[in-house]
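K.L.:
Each chain is listed here by its residues.
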Amino acid sequence: MTDGAPRSHLHRLLQDGEFVVTAELQTSDSADPSRIVELAGTLRGKVDAVNCTDNSSAHAHIAAMAAARLLLDHGVEPVMQLVCRDRNRLALQADLLGAAALGVRNIVCMTGDDVSAGDHPETKPIYDLDSVQLIRTAKIMRDDGTYLSGRALTEPPSFLIGAVENPFAPPLEFRPMRLGTKIEAGAEFVQTQICFNLDKLRVFMARCRELGLLDHVWVLAGVFVPSSAAGARYLRDQVPGLDVPEHVIERMEAVPRDAQRGEGIRLALEIVDEVRQIPGVSGVHLMTINHEEAIPRVVEGAGLVPRPARQM
Amino acid sequence: MEGTRVDRRPPETAPPVKGFRRALLLVERVTKETVWDCRMCGQCILHSTGLSCPMRCPKNLRNGPCGGTLQDGSCEVLPEMKCVWVAAWEGSRRLPLWRDHIQHIEPPVDWRLQGTSSWENLVTGRDRQVPEGWSGSSHGSGS
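Read top to bottom, the protein sequences are chains A and B. Residues 1 to 312, numbered by our numbering, are exactly what the first sequence covers, in order. Residues 1001 to 1143, numbered by our numbering, are exactly what the second sequence covers, in order.
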């Protein structure tokens, strides 16, 4: 896992054993790139790489590939997400190749939220490949230099291949084994679903260790920075697969509205501190909703600045 | 036009549809639809998935659950249904054989086989045909 030339800045830091910080870009519904450029400015130098989501929550947004290129243009390393929901294997491979040509070096492959969760529930879901098959397809393109069909690529892409996993959703016992399947398919790093229930995360990580997975994958724990009690309730009630314990909601509700942003940052800092102690956690993946200025504050509060300079 | 012209017809791996094949298809359909709510994908992996048909998953996931399984184990898309992969995991623990097959990487679906007999495809080997790049993958069995 640690040998071989780094294929991205993020890859190099992981190989060096640096505790990495990634964040999720607030997506944009604008044809004007200034919103993404502004966010790039907020996150530049504060995190090591930034995820560009792919029609998150099954709502149409600016293309992840375009956002990724805008980030690159403004000095931020992108991680391009790619979901199986919206494209068949032709389009997925075309986007992998196109992203590589535009300079994207980190990808994360996932199934994607179902269309029923979005604002176009009447659309046709695709799911031609599943996430494991997409991970393997990216690996085939990179390492074998061919499409899935076997037809040769003129020049193969060079990616650090990522996956996601949810240690908090049933079937809990199967989840570590399933991460093993993703690693076998080609995943080199994994970003977890948002962690509030740290006991479940510890059990998941211990099981991954027993299975010998942690020698083959870097695990980045997902940490959410709530901006309000309403935001925490939204996660609990509206985002499938999340485990938001009642004490989190109560804690956010216990402070007045104007102090909830600060409380959200304190909560996130505590979770970052906790996950750093868990053996095998190689970094954190910070997420928020309309609260992006909180990300640098969490990184600074956790003592994770300065971030190593980007050299590639 | 690029490349060689490709014959889009499914490969000829079996004799023409005759009475026996029709009967086989009917028996398979009636049996498996009744018992497992089978979707006749024509490339059956029920033994690898604890006898829980993965094509019942609204996302057609053949390699494990998505991240949206609800805390009570139900499907995020069809909350009245138990997650196909929660059922698969439980079912696989009860199987005397094939318990470990739930970890195998399943190749992409060949959508041309939808509606055909997986029993026939098993006998002819048609269900084991995978894209050339997938089978040529140097990174594991891929099956």
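Rather than coming from a laboratory, the hints here were simulated on the basis of the structure. Cβ coordinates follow ideal geometry from the N, Cα and C atoms, glycine included. It is possible that part of the hints are untrue.
To be verified - Far from chain A, some chain B residues (derived; all Cβ distances over 10 Å):
#1 K1059
#2 R1062
#3 W1089
#4 I1102
Said to hold, decoys possible - Derived contacts from chain B toward chain A, CB cut-off under 7 Å, selection only:
#5 L1061
#6 C1066
#7 G1091
#8 P1096
#9 I1105
#10 P1108
#11 P1131
As the list claims (entries may be wrong) - Partial list, derived from the structure: chain A residues whose beta carbon lies under 10 Å from chain B:
#12 Q133
#13 Y147
#14 R151
#15 T154
#16 E155
#17 M177
K.L.:
For each hint given before, does the structure comply? Return the numbers of the non-compliant ones in rising order.
P.N.:
Structure breaks hints 1, 2, 3, 4, 7, 8, 15, 16.
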